[in-house]
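Please put together the full structure from these sequences, using the hints given.
Numbering (this note's numbering), first residue to last: 83 to 486.
No wet-lab data here; the hints were simulated from the structure. These numbers come from a predicted model, not from an experiment. Don't be surprised by glycine CBs; every beta carbon is placed ideally from N, CA and C. Any given hint could be a false lead.
Heads up, simulated DSS-like pairs for lysine-lysine below, C-alpha to C-alpha not over 25 Å straight-line [as the list claims (entries may be wrong)]:
id, residue 1, residue 2
1, Lys459, Lys471
2, Lys459, Lys479
3, Lys471, Lys210
4, Lys210, Lys479
5, Lys459, Lys210
6, Lys479, Lys463
7, Lys470, Lys210
8, Lys459, Lys470
Have a look at the derived ranges for each label pair, beta carbon to beta carbon [to be verified]:
id, residue 1, residue 2, range
9, Glu123, Ser212, 18 to 24 Å
10, Pro114, Pro374, 28 to 34 Å
11, Val416, Ala243, 19 to 25 Å
12, Val416, Pro259, 51 to 57 Å
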Amino acid sequence: MASSDTDTVTFNASCLCRSSTFTLTWPRSSLPIPVRMCHCELCRRTHGTLCLFHATSPPPSSTANMCTYKTSPSETRYFCATCGSKMIDHSSSGAAGATKAGGGDGHGDGGRWSVSIAVLDAPEETWKYSEHIFVCSTLDGGFADWLVRVPGDPDDLPRCAMRDDSRLVPLGWRLGPLPGPGEKKTAKDGGEAERLRAHCMCDGVDFYIGRPGDKRGDEGEDPLAALPPSLRAADQSRFAGSLDACMSCRVAAGDPINAWVFVPLALMSAAASAAAAPQPYLLPLPDPAAIPSLGAAAPPTTQPTSPALKWFASSPDVRRFFCGTCGASVAYWVADRPGVVDVCAGLLEARSGARAEEWVEWDVGRKPFDSQSAILKRLVKGVEEWGKKWAAERGMKVVEEAEG
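Quick look at the structure:
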């Protein structure tokens, strides 16, 4: 719980596994604290989310048990070494590279700290949602089109083209026309492949996703058979995507709203094979039959294709994957649907932009998953309202659910 005295207020931050914790203390006079929604590629690829909700903060009380990743000589990102939760960033000077965070005091050489508000126990009135920044980085408006205004606020959120920019991006903007589902995507190595690249910031995790209609195996099995009906898009040339506000996903990604794309494992291939016959992209998954007896201790049955890939069992039947180098959330797997992974949408690299609409059919015409557990209720309600408007304008399904 947060603590306070007359002049200051202190909030607690914790990762998902609770091995990385710190406190932040602000002057009470600074409340409410401005929160920016950053859509830059760097934030998307280090968190695995479509944008990052962050606030300038005082230094953390500790950086113990955290790893660091330098996105530039002056920018350092901190994430839990065990569960991968994205915690806080620091802007200063220094050399590039990834190291274990040492010292534990959280006090560097000055500069600016920026915290992921999703890891704090601060009530929502602590924050003032101020603006979207780097919207042009998305190419298609990204998540900003699903949060135009927060309920209770009088004005729409400014949609800044870049950072601290007077140029505003209009609602509905995209850089170019939306490619059709059948259009080819150029692979990284120059070969043509109808595959979608997904990768983290450091490229330690890098794979391709085939089209839903691709057949696999000697008998041409349909990969969509692995998907429960609720996880299939109406347009079967695309994957289903949805938003999630649950506590565990919020803390793991360091973001209040996660965006998932539901992909059969059979359609994931290794990046190195993009111009040749697809080779499976292997995740270190356990045998589902071992889960009832071993739970979180059930060992992987395969070695991962990407050595940088790490996993954390947030419950006995769940594996959450993240990059051990840059910290990016990568995917979610649960034993009751073993042939499917939920891929973090922030990793996708589509021609059309961050939402990858030529590949993903976004089911945003309903409440984000587990909205009732969200700590930031106004924010989640705003995403629900504007997501429904976005879906209705496109003739997509809108679900009106009873409150409660």
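Worksheet item: If you draw a straight line from the CA of Lys470 to the CA of Lys210, is it 25 Å or shorter?
Response: Within the cut-off at roughly 23 Å; holds.
Worksheet item: When you check the alpha-carbon spacing of Lys459 and Lys479, does it fall within 25 Å?
Response: Answer holds: Lys459 to Lys479 is near 23 Å, not above 25 Å.
Worksheet item: Hey, Lys459 versus Lys471, does the alpha-carbon distance stay inside 25 Å?
Response: At roughly 19 Å apart (the allowed maximum being 25 Å), Lys471 and Lys459 satisfy the hint.
Discussion item. Between the alpha carbons of Lys471 and Lys210, is the straight-line distance 25 Å or under?
Written reply: 23 Å, holds
Discussion item. Lys210 and Lys479 were given as a pair; does the straight-line alpha-carbon distance stay at or below 25 Å?
Written reply: Violated, at about 31 Å.
Item to complete: Using the Cβ atoms, figure out if Pro114 sits within 28 to 34 Å of Pro374.
Response: 47 Å, violated
Discussion item. With the threshold set at 25 Å, check whether the alpha-carbon distance from Lys459 to Lys210 stays at or below it.
Written reply: This hinted pair holds, its Cα atoms lying about 13 Å apart.
Discussion item. I want to verify a distance hint. Is the separation of the beta carbons of Glu123 and Ser212 within 18 to 24 Å?
Written reply: Since the Cβ atoms of Glu123 and Ser212 sit about 21 Å apart, the hinted range of 18 to 24 Å holds.
Worksheet item: Holds or violated: are the alpha carbons of Lys479 and Lys463 at most 25 Å from each other?
Response: Holds. Lys479 to Lys463 sits at ~18 Å (cutoff 25 Å).
Item to complete: Compare the distance between the alpha carbons of Lys459 and Lys470 with 25 Å, and conclude whether the hinted pair is satisfied.
Response: This hinted pair holds, its Cα atoms lying about 17 Å apart.
Item to complete: For Val416 and Pro259, compare the CB-CB distance with the range 51 to 57 Å and indicate the outcome.
Response: 37 Å, violated
Worksheet item: Is it true that the C-beta distance of Val416 to Ala243 lies inside 19 to 25 Å, as the hint says?
Response: 39 Å, violated
Of the hints listed earlier, those the structure fails to meet are numbers 4, 10, 11 and 12, in rising order.
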